[in-house]
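Enquirer: Sequence order for the protein chains is A and B.
All residue numbers for the first sequence refer to our numbering, where the first residue is 823 and numbers rise by one.
All residue numbers for the second sequence refer to our numbering, where the first residue is 3 and numbers rise by one.
None of these hints come from the bench; they were simulated from the model.
Be aware that one or more of the hints could be misleading.
[Unchecked claim] Think about it this way: if two alpha-carbon atoms lie no more than 30 Å apart in a straight line, the pair counts; the simulated DSSO-like pairs of lysine-lysine are:
| id | chain 1 | residue 1 | chain 2 | residue 2 |
| --- | --- | --- | --- | --- |
| 1 | A | K923 | B | K282 |
| 2 | B | K410 | A | K932 |
| 3 | B | K187 | A | K980 |
| 4 | A | K923 | B | K187 |
| 5 | A | K834 | A | K850 |
| 6 | B | K445 | A | K935 |
| 7 | B | K24 | B | K148 |
| 8 | A | K932 | B | K148 |
| 9 | B | K356 | A | K932 |
| 10 | A | K980 | B | K356 |
| 11 | B | K187 | A | K833 |
| 12 | A | K855 | B | K410 |
[What the hints assert, rightly or not] A few chain A residues that face chain B, going by a derived Cβ cut-off under 10 Å, partial list only:
| id | residue |
| --- | --- |
| 13 | E825 |
| 14 | F839 |
| 15 | K850 |
| 16 | N860 |
| 17 | S882 |
| 18 | I921 |
| 19 | P927 |
| 20 | D958 |
| 21 | G965 |
| 22 | E969 |
| 23 | V970 |
Note that the Cβ used here is the ideal one computed from N, Cα and C, for glycine as well.
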Amino acid sequence: MNEYVVTINEKKIKVNFSNNSKAFINGKEYDYKLSRLNNNTYNISLDNKTFLITARRSNSSEYSITLNGKVIETRVLTALQERAANLIELKADKHSTTIIKSPMPGMILKVKKQKGDSVERGDSLIILEAMKMENDIRSPVSGTIKEVKVSEGQAVEKGVSLLIIE
Amino acid sequence: MFKKILIANRGEIAVRIIRACKELGITSAAIYSDADSHSLHTLLADESYYIGESSVSSSYLNKEKIINLAREIKADAIHPGYGFFSENADFIKAVEDSGITFIGPSSESVRMMGSKTGARQLMQKNNVPIVPGTTEPVKNNDVALKFCKEIGYPVLLKASAGGGGKGMRKVSSEDEFKDAFDAAKREAMNAFGNDDIYIEKYIEQPRHIEVQVIADKHGNYAHLFERECSIQRRHQKIIEEAPSPFVDDITRDNITSAAIKAAKACNYYNAGTIEFLMDKDKNFYFLEMNTRLQVEHPVTEMITSIDLVNEQISIAAGNKLSFKQVDLRIIGHAIESRIYAEQPENNFLSSTGKLIEYIEPSGPGVRVDSGSVTGYDISLYYDPLISKLICYGKTREAAISIMKRALKEFHIAGVITNIFFLSEIFNQKDFYEGNYDINYIEKKGLISNSSSEQLTEMECVAALLASILKNESGINGKIHNSGNHIHTNKWLEQNYE
Numbered sequence: 823m824n825e826y827v828v829t830i831n832e833k834k835i836k837v838n839f840s841n842n843s844k845a846f847i848n849g850k851e852y853d854y855k856l857s858r859l860n861n862n863t864y865n866i867s868l869d870n871k872t873f874l875i876t877a878r879r880s881n882s883s884e885y886s887i888t889l890n891g892k893v894i895e896t897r898v899l900t901a902l903q904e905r906a907a908n909l910i911e912l913k914a915d916k917h918s919t920t921i922i923k924s925p926m927p928g929m930i931l932k933v934k935k936q937k938g939d940s941v942e943r944g945d946s947l948i949i950l951e952a953m954k955m956e957n958d959i960r961s962p963v964s965g966t967i968k969e970v971k972v973s974e975g976q977a978v979e980k981g982v983s984l985l986i987i988e
Numbered sequence: 003m004f005k006k007i008l009i010a011n012r013g014e015i016a017v018r019i020i021r022a023c024k025e026l027g028i029t030s031a032a033i034y035s036d037a038d039s040h041s042l043h044t045l046l047a048d049e050s051y052y053i054g055e056s057s058v059s060s061s062y063l064n065k066e067k068i069i070n071l072a073r074e075i076k077a078d079a080i081h082p083g084y085g086f087f088s089e090n091a092d093f094i095k096a097v098e099d100s101g102i103t104f105i106g107p108s109s110e111s112v113r114m115m116g117s118k119t120g121a122r123q124l125m126q127k128n129n130v131p132i133v134p135g136t137t138e139p140v141k142n143n144d145v146a147l148k149f150c151k152e153i154g155y156p157v158l159l160k161a162s163a164g165g166g167g168k169g170m171r172k173v174s175s176e177d178e179f180k181d182a183f184d185a186a187k188r189e190a191m192n193a194f195g196n197d198d199i200y201i202e203k204y205i206e207q208p209r210h211i212e213v214q215v216i217a218d219k220h221g222n223y224a225h226l227f228e229r230e231c232s233i234q235r236r237h238q239k240i241i242e243e244a245p246s247p248f249v250d251d252i253t254r255d256n257i258t259s260a261a262i263k264a265a266k267a268c269n270y271y272n273a274g275t276i277e278f279l280m281d282k283d284k285n286f287y288f289l290e291m292n293t294r295l296q297v298e299h300p301v302t303e304m305i306t307s308i309d310l311v312n313e314q315i316s317i318a319a320g321n322k323l324s325f326k327q328v329d330l331r332i333i334g335h336a337i338e339s340r341i342y343a344e345q346p347e348n349n350f351l352s353s354t355g356k357l358i359e360y361i362e363p364s365g366p367g368v369r370v371d372s373g374s375v376t377g378y379d380i381s382l383y384y385d386p387l388i389s390k391l392i393c394y395g396k397t398r399e400a401a402i403s404i405m406k407r408a409l410k411e412f413h414i415a416g417v418i419t420n421i422f423f424l425s426e427i428f429n430q431k432d433f434y435e436g437n438y439d440i441n442y443i444e445k446k447g448l449i450s451n452s453s454s455e456q457l458t459e460m461e462c463v464a465a466l467l468a469s470i471l472k473n474e475s476g477i478n479g480k481i482h483n484s485g486n487h488i489h490t491n492k493w494l495e496q497n498y499e
């Protein structure tokens, strides 16, 4: 049996599976079948319910998984890696920081929060112009702005750090 | 009839026009930018010409390049599609002056309807009802504030040169006014190079109902009934249907005759759309005229069996309408879903990337108008529309059932799409009952990050696949083709005679 812990939307899911098509997901037993259609796309069935599913590997422990018209971001660690990660996280938790990254290339139109401002989850942080639209980038967490890394009028690539919230 | 048509557009609408040309036996000539060298329209056209770099100003919005090319390749007509130059009177004038036929209205009609304030005055003169508001752009904050006080909040700020929700802001009170006014001006300047803003009274529970009109150069006018386009996010349509579940026969008579009046007021010919807002008591008000083919034209084609692009080309060539108003009937019901590369959970922020998988639905009642193929790049340069899924059934209920199953079949990976979000809308009881207005998506709160405590089936499946892939990569250092549980599908190797 191989044991993994998958994180989806902040939920932890325990997955055990053997090579003979049996899997335990959070302790519940399923029969599964997997067949590969091409590089990234699979047909997977869970207790004979079938899903067309595409997985893209972001790095050694993260996959973007598309099914039913939705993309699910997964982080998957072996049970051992998960325990190690939890220990590190516990230490870091006291002053955890969140880095807000640019979701796409564009131009910074407006920076609405400055260093030291406190923000609530959902507050508007930055207006990014891309594809001729003003895109409102909101805070995924509550906290204090530790650093603003961009200025108005600046062009940014996808994935660039915009600001840091503590 | 024309021998060669240059299509001054890209993506799905270019593909749509190429198909019409081919069916009419006309040579289709496409233009493409760097970003579109592998796009479907570039591949499908009879001839494809490189027009310039990816940014629109060097390619699809470069007037000189396009008209010179049309001359050089001896195209006798230009079809503009929608967006880009389709409603640009200067471009149309330049085409007219070059002796090439523009497939669309005259530059004069476009100019008359192009300024929203001008169009409002014209409608008022011709007894087409308009929404209460300014007929001139508002110059400054103080004048604007005074006017808003008169008509009462909430009000809507709109760009005079605008469209597609850009430069549009709802203002609920005086406190919000200044920020909204500045933002609307900024957005309008960026999008249209003109920051004139006008003010309209905000209609409560409004529905967006529009009428397709068409006219030839011989003075024959016809309408092809209405489309309901109330399901919008960020003031942009994502679901359109025909006929409207809200419009009854009497209202239909009234709104279509108002639309014909509007078209006549600007001496219109070719296909056009008159957009109206309809309040809960079925009063309707002129919003604007789109002097071009609309994104959502397929739903009208489905219920009338009229090929609008075919008709546009024929009219431009000087022919009369191929049908008479009295011959037209609404048969069945059609719904269109716009499939966008965007993130519904993240305020519909666009998503860019390569489509690593693209599988379209098919089967009875399903039409897909798309410019995408597997490997196609959704870039930041253009609109993030991937495809349009149009479903047709005998009744509205049947069309919804077809749409639900077709959305399930649509498999697009590599970017985040709104497919799941669209499915959610079609599952709503009030949508099913035709109970909605243009604020439906905002009010309904469908966008909530569905982070319920409970594990969904989809999450179970995703978790299992991620674990298996992780396991594979652990063993082999990388994912490989035929591991213990990953095997190629046997049917792929079978041949059936």
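Enquirer: Against this structure, judge whether each hint is valid.
Expert: Structure-based check of all given hints:
Our distance criterion of 30 Å between C-alpha atoms is broken by K923(A) and K282(B), whose separation comes to about 43 Å. About 39 Å separates the Cα atoms of K410(B) and K932(A), which puts this hinted pair outside 30 Å; it is violated. A distance of roughly 27 Å separates the Cα atoms of K187(B) and K980(A); the hinted pair therefore holds under the 30 Å criterion. For the proposed pair K923(A) and K187(B), the alpha carbon gap of about 27 Å is at most 30 Å, so the pair holds.
A hinted pair counts as satisfied when its Cα atoms are at most 30 Å apart, and K834(A) with K850(A) qualifies at roughly 14 Å. Annotation: proposed proximity of K445(B) to K935(A) holds, straight-line Cα distance about 27 Å (limit 30 Å). For the hint pairing K24(B) with K148(B), the CA-to-CA distance comes to about 56 Å; that exceeds 30 Å, so the pair is violated. The hinted pair formed by K932(A) and K148(B) meets the criterion: a straight-line CA distance of about 28 Å does not exceed 30 Å.
For the suggested pair K356(B) and K932(A), the alpha carbons sit about 29 Å apart, so the restraint of at most 30 Å is met. Using a Cα cut-off of 30 Å, the hinted pair K980(A) and K356(B) holds, with the two alpha carbons roughly 14 Å apart. Proximity of K187(B) to K833(A) is assessed by CA-CA distance (about 43 Å); at most 30 Å being required, the pair is judged violated. For the suggested pair K855(A) and K410(B), the alpha carbons sit about 20 Å apart, so the restraint of at most 30 Å is met.
Nearest Cβ of chain B to the Cβ of E825(A): about 9 Å, under the 10 Å cut. The hint holds. Hint status for F839(A): holds, given a least beta-carbon distance of 6 Å to chain B, under 10 Å. Taking 10 Å as the C-beta contact cut-off toward chain B, the hint placing K850(A) at the interface holds, the least distance being around 8 Å. Taking 10 Å as the C-beta contact cut-off toward chain B, the hint placing N860(A) at the interface holds, the least distance being around 8 Å.
Look at S882(A): its Cβ gets to within about 7 Å of chain B, closer than 10 Å, so that hint holds up. For I921(A), the interface hint is violated, since its Cβ never comes within 10 Å of a Cβ in chain B; the closest pair sits about 16 Å apart. Annotation: interface hint on P927(A) holds; nearest CB of chain B at approximately 5 Å, less than 10 Å. This hint holds: D958(A) has a C-beta 5 Å from the nearest C-beta of chain B, less than the 10 Å allowed.
The restraint placing G965(A) at the interface with chain B is violated, with a minimum CB-CB distance near 18 Å, outside the 10 Å limit. At its closest, the beta carbon of E969(A) sits 22 Å from a beta carbon of chain B; the interface hint therefore is violated under the 10 Å criterion. A distance limit of 10 Å between C-beta atoms decides the matter here; for V970(A) the minimum to chain B is near 20 Å, and the interface restraint is violated.
In summary, the numbered hints that this structure violates are 1, 2, 7, 11, 18, 21, 22 and 23.
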